[in-house]
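From first to last, the protein sequence lines are chains A and B.
Take the first sequence: its letter number 88 is residue 649 in this note's numbering, and every next letter is one higher.
Take the second sequence: its letter number 126 is residue 687 in this note's numbering, and every next letter is one higher.
One or more of the hints may lead you astray.
No copy is singled out in the list; a pair is fine if it fits within one copy or between any two copies.
Stated by the list, open to error - Lysine-lysine pairs mimicking DSS-like chemistry, simulated, CA-CA at most 27 Å apart:
no., residue 1, residue 2
1, Lys691, Lys672
2, Lys679, Lys638
3, Lys627, Lys638
4, Lys657, Lys691
Hints in this document: simulated from the structure, not taken from any laboratory.
No experiment lies behind these values; they were computed from the predicted model shown.
2 protein chains.
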Amino acid sequence: MRHTISILVENKFGVLARVTGLFSGRGFNIDSLNVAPTHVAALSRITAVLMGDEAALNLAIKQLRKLVNVVEVTDFKDGQAVQRELVLVKVKASAKSRSEVMQICEIFRTKIVNVDHKDVIVELVGDCAKVSAFLNLLEPFGIIEIARTGTLALKRA
Amino acid sequence: MRHTISILVENKFGVLARVTGLFSGRGFNIDSLNVAPTHVAALSRITAVLMGDEAALNLAIKQLRKLVNVVEVTDFKDGQAVQRELVLVKVKASAKSRSEVMQICEIFRTKIVNVDHKDVIVELVGDCAKVSAFLNLLEPFGIIEIARTGTLALKRA
Numbered sequence: 562m563r564h565t566i567s568i569l570v571e572n573k574f575g576v577l578a579r580v581t582g583l584f585s586g587r588g589f590n591i592d593s594l595n596v597a598p599t600h601v602a603a604l605s606r607i608t609a610v611l612m613g614d615e616a617a618l619n620l621a622i623k624q625l626r627k628l629v630n631v632v633e634v635t636d637f638k639d640g641q642a643v644q645r646e647l648v649l650v651k652v653k654a655s656a657k658s659r660s661e662v663m664q665i666c667e668i669f670r671t672k673i674v675n676v677d678h679k680d681v682i683v684e685l686v687g688d689c690a691k692v693s694a695f696l697n698l699l700e701p702f703g704i705i706e707i708a709r710t711g712t713l714a715l716k717r718a
Numbered sequence: 562m563r564h565t566i567s568i569l570v571e572n573k574f575g576v577l578a579r580v581t582g583l584f585s586g587r588g589f590n591i592d593s594l595n596v597a598p599t600h601v602a603a604l605s606r607i608t609a610v611l612m613g614d615e616a617a618l619n620l621a622i623k624q625l626r627k628l629v630n631v632v633e634v635t636d637f638k639d640g641q642a643v644q645r646e647l648v649l650v651k652v653k654a655s656a657k658s659r660s661e662v663m664q665i666c667e668i669f670r671t672k673i674v675n676v677d678h679k680d681v682i683v684e685l686v687g688d689c690a691k692v693s694a695f696l697n698l699l700e701p702f703g704i705i706e707i708a709r710t711g712t713l714a715l716k717r718a
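Just chain A, with the same shape it has in the complex (with noise of 0.2 Å):
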């Protein structure tokens, strides 16, 4: 299964170290996560989705909880959460095919941010159905280079 996880810490040395050292150590596969300050100067936040046996993840939780510097832990149901991911794409677009990868950008409403004579990097945000769907797209026309942010997800209630 897969899970949205969302961890308050204190800005602590080595808390992120513990965090997913506690993941690898129990065994579980880290799909994605990204960690940084929140507007609380002593807080930062880390968005985590790994996939796993239920039991065994809502046993990791507990064990996430008893952390030093962990302040709060949840584990998103779907729909509980906004989730959005942020994508940087560098896409092969020679004079030839540009128009057409420009399209494509156009119709996921994605901004180019950089171009170059044979390349352009494509800045995409959305969830994960709307990613995987947008480089499906681009694989065609070649993808040099890229690198996501993995899930992001704020409560929304």
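On the provided structure of chain A, position chain B as indicated by the hints.
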């Protein structure tokens, strides 16, 4: 000094824990970090923003390159890379203040992705300076929660 580093790694068990462990073991403060799969099934990309001394960082990068499952490490100099961040902000917005919040959102070309009676969730993409300016303007309304992906970077040339 602030450094943005891109690390291409094999999707092997525990590699993220090893990378974060190396940084914390050497006393580096990770300001932000994100990791997600790339278009090549076997590879993930980590983008990390680190604060620390130049010489110590160069040493850490050398050690990173020697880690099992690390394929490539790039230390981006200023302007070499497109750098963007995705932010979700839940901000107080009553019937009274909502139009003012929406005005600020429009100026920053952000997107309102959720509306409730007392708050809205806003999605913003930008560089460090844009994100800071936006959050400063929202502060007086009352920021309830925030989630940031941290800097994502892709080489221009």
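**Hint numbers contradicted by this structure** = Violated hints: none at all, because every hint is consistent with the structure.
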